[in-house]
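Chains as they are written, first to last, in my numbering: chain A, 15 to 372; chain B, 173 to 654.
None of these hints come from the bench; they were simulated from the model.
Be aware that a few hints might be false.
What the hints assert, rightly or not - Between beta-carbon pairs, the in silico distance windows are:
| id | chain 1 | residue 1 | chain 2 | residue 2 | range |
| --- | --- | --- | --- | --- | --- |
| 1 | B | ALA520 | A | GLU327 | 28 to 36 angstroms |
| 2 | A | ASP58 | B | ARG641 | 57 to 65 angstroms |
| 3 | A | ARG57 | B | GLU596 | 24 to 32 angstroms |
| 4 | A | LYS272 | B | GLU596 | 30 to 38 angstroms |
| 5 | A | LYS272 | B | ASN475 | 42 to 50 angstroms |
| 6 | B | ARG573 | A | ASP58 | 28 to 36 angstroms |
| 7 | A | GLY360 | B | GLU596 | 47 to 55 angstroms |
| 8 | B | ASP291 | A | THR310 | 17 to 25 angstroms |
| 9 | B | THR539 | A | ASP58 | 48 to 56 angstroms |
| 10 | B | ASP291 | A | LEU135 | 39 to 47 angstroms |
| 11 | A | THR310 | B | ALA179 | 39 to 47 angstroms |
| 12 | B | GLU479 | A | ASP58 | 20 to 28 angstroms |
As the list claims (entries may be wrong) - Here are the simulated BS3-like cross-link-like pairs (lysine-lysine), alpha carbons at most 30 angstroms apart as the crow flies:
| id | chain 1 | residue 1 | chain 2 | residue 2 |
| --- | --- | --- | --- | --- |
| 13 | B | LYS620 | B | LYS499 |
| 14 | B | LYS485 | A | LYS98 |
| 15 | A | LYS312 | B | LYS631 |
| 16 | B | LYS597 | B | LYS620 |
| 17 | B | LYS597 | A | LYS352 |
| 18 | A | LYS98 | B | LYS499 |
| 19 | B | LYS649 | B | LYS631 |
| 20 | A | LYS102 | B | LYS649 |
| 21 | B | LYS649 | A | LYS312 |
| 22 | B | LYS414 | B | LYS649 |
| 23 | A | LYS312 | A | LYS272 |
Since we're looking at a predicted model, the values are computed, not measured.
Think of the CB as a built atom: it goes at the ideal place given N, C-alpha and C, for glycine as much as any other residue.
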Amino acid sequence: MCHPGGPRVVRWCPRPTVTRPHRPPYTPGVSTSTEVDPTTRARDILGVSRLTNSALTGWLHGLPGVDQVGCEARAAALSTRSVKTSSKAWAIDTAISMIDLTTLEGADTPGKVRGLATRALVPDPSDPSTPSPAAVCVYGDMVPFAREVIGERDVRIAAVATAFPSGRASRAVKLADTRDAVQNGADEIDMVIDRGAFLAGDYLSVFREIAETKEACGDARLKVIMETGELVTYDNVRRASWLSMLAGGDFIKTSTGKISPAATLPVTLVMLEAVRDWRDATGEQVGVKPAGGIRTSKDAIKFLVTVNEVAGEDWLSNEWFRFGASSLLNDLLLQRQKMTTGAYSGADYVADDAPSGY
Amino acid sequence: MPTFEYAPAPESRAVVDIASSHGLFIGGEFVEATGGKPFKTLNPATEEVLSEVSEATADDVDAAVRAARSAYTRVWSRMSGADRGKYLYRIARIIQERARELAVLETLDNGKPIKESRDVDIPLVAAHFFYHAGWADKLSYAALGENPRPVGVVGQVIPWNFPLLMLAWKVAPALACGNTVVLKPAETTPLTALLFAEICQQAELPAGVVNIVTGAGATGQAIVDHPGIDKLAFTGSTGVGKMIARSISGTRKKATLELGGKGANIIFDDAPVDQAVEGIVNGIFFNQGHVCCAGSRILVQENVADEVVRRLKRRLTTLRIGDPMDKNTDVGAINSRAQLQRIEELTAAGSQEGAERWDSGCELPSTGYWFRPTVFTDVSQSHRVAQEEIFGPVVSVLTFRTPGEAVAKANNTPYGLSAGIWTEKGSRILWMADQLRAGVVWANTFNKFDPTSPFGGYKESGYGREGGRHGLEAYVKTGSDQ
């Protein structure tokens, strides 16, 4: 089964040639503007004549701090909301429609990716009223296999890029990685920031990398993975969020899923405050994607409550909020079936194309 | 546009069985009152009558004090600390076991949201009994003085804002130190105290150690004036506290008074602003603002005042006001018609005096007593809303320019119960805490309570401390004390 050929050539399965369908852009007028050069725009927002690292440092470090205890207490308080009956049914369907159904393993095969994509189109064969997840999320070289299944239907294909998950490669390699994924037909790019540069205080380098990746994305929407588990403090999460938005990210995303802790509720709370405040400041809306570690419907509902009460209902659609998850869909479907039939079925009644652990 | 409406999520009231009438708890038994006029206790959210409660007369109070004296002399003061501790641990465990019942009853009688009675009041009640149970056999090691001994029979009068929690603050340390008690709950919220009496029976607490007499001001006065009372503990308004202090002057009675407040919540320009806004909300809208240590005055640094107020107002539009039994309710009902009238009167004065009034305009239920969370801006020190305790969901916003001015304005009040400081600068927190004349100073948080932490006031907010090692001092005599 080994394939000693050239780079990225999958010899044992010919690449399909389907390309990305044309779709209308997301709500015009509020999405991040790409017409202005990001450096010019950043200079405008910061009120400086030259965008330097010290200008960025002054701006980011001038953001209000986050008190850890208070932030976690607020997240815990939001977690006590009781969401039952009709609101639970609404929340489950909304959560399903916000999932980026994900497989990001070294062992991914065309078969597994096709299965995942099929599942995104038909999440519950026993109930065709079940909404589809927002997207499938795969490595860049797997995009064609997902496209083969999805075609022009209304499930997006997201690809991770920029030397995911570590982000440790040269700028040129990262940009090539991005262009490759876009050429393969990805609608959305999930990039990772250079956490090393961020922690070293080289914000300008992080800014440029995001801005250049955004340019390489063309029409694809850019999600910026901050890997909050490596940034550790909420102050860092807030600064990284603002830096990502300043550089033109369409979404800010918590994690790769390869580092623990991944998407915690307090981290997502800080990011939701950031996108809310960013829209107040600039008029532009940016999405939020917690990814990794959200496995149960109960957890997903806590995130939706937090979106609702912190950022507001404008963020309550898959245009502006996503869950990066794989097993979450299983539990949401179980709960959905339970709400329909009144009884719990079990894992054997949820069709799973990509059972984890195999 | 998508909307996320939370469907009604009412807590079941089936867990609690409210008797149609209640007697007094004297000498370990529920007894009929000797002739007072029974009164009704209402659910303030619906104005529905929950039960009829006895009014204890001076004779009833006398019977209660005699029962307490007898239990004190014969049983409780002679019992080893370790054995007293066992009873307190048992009570604490029963409170935990019956937590849901207590929470539901508290919410029905008081109007506070079930999420607060469930997550704050009742867990703290149990915590106070557990904490003081631990002290019962260690009083000699508490640095209270030589040979700590109980004071005797303690008269306790408690308010309606945290009915069972205030009972726990009073009863747990008194019993741990070997005293017996006669306690009067507030007339609008007597039901959890009466359920606590049942818990005393269930715990087989010796008869007469805890006596509960219900009634209004006259019953309270009978306790204060009774010559058999050795010590008084009162929590309530400064007006009543002053009357008590006058009544007992010249007698041998000791007293601790925990009275009103007009707490300053001080927001500096380097504060963690999102958490500070939460702190303002917790400080004044927790428990409908019926909190003596509420942060009812916001002192915000002038250069960030507009921004903080903007964020506060936005946050207040997400507060959910309504049925206290709904698990998603953030702000419940005002406890009584009288209190609602007082809030209305003071807020009207605020508008007349020229402060800018704002509320979220949310819908209120058609029955019961309700008041929208309200913010006054452009407030000066001389406005009544900056001076008088409103004891409702109303906050006044004032500004300051320097740390020194913040301290001066915070201290410029007859009260001195609580204060809050919001800044990322640790050195400033320590400096401010040193300058503020308030019994409790919170840093980057507000309205956090713990049985290990002493609580009490400066100036007209009262004297004595409750909770912690300091709280024990009020319930013991030492050395050559008679």
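### Task
Go through the numbered hints given earlier and state which of them the structure violates, listing their numbers in rising order.
Those not satisfied are hints 11, 15, 17, 20, 21.
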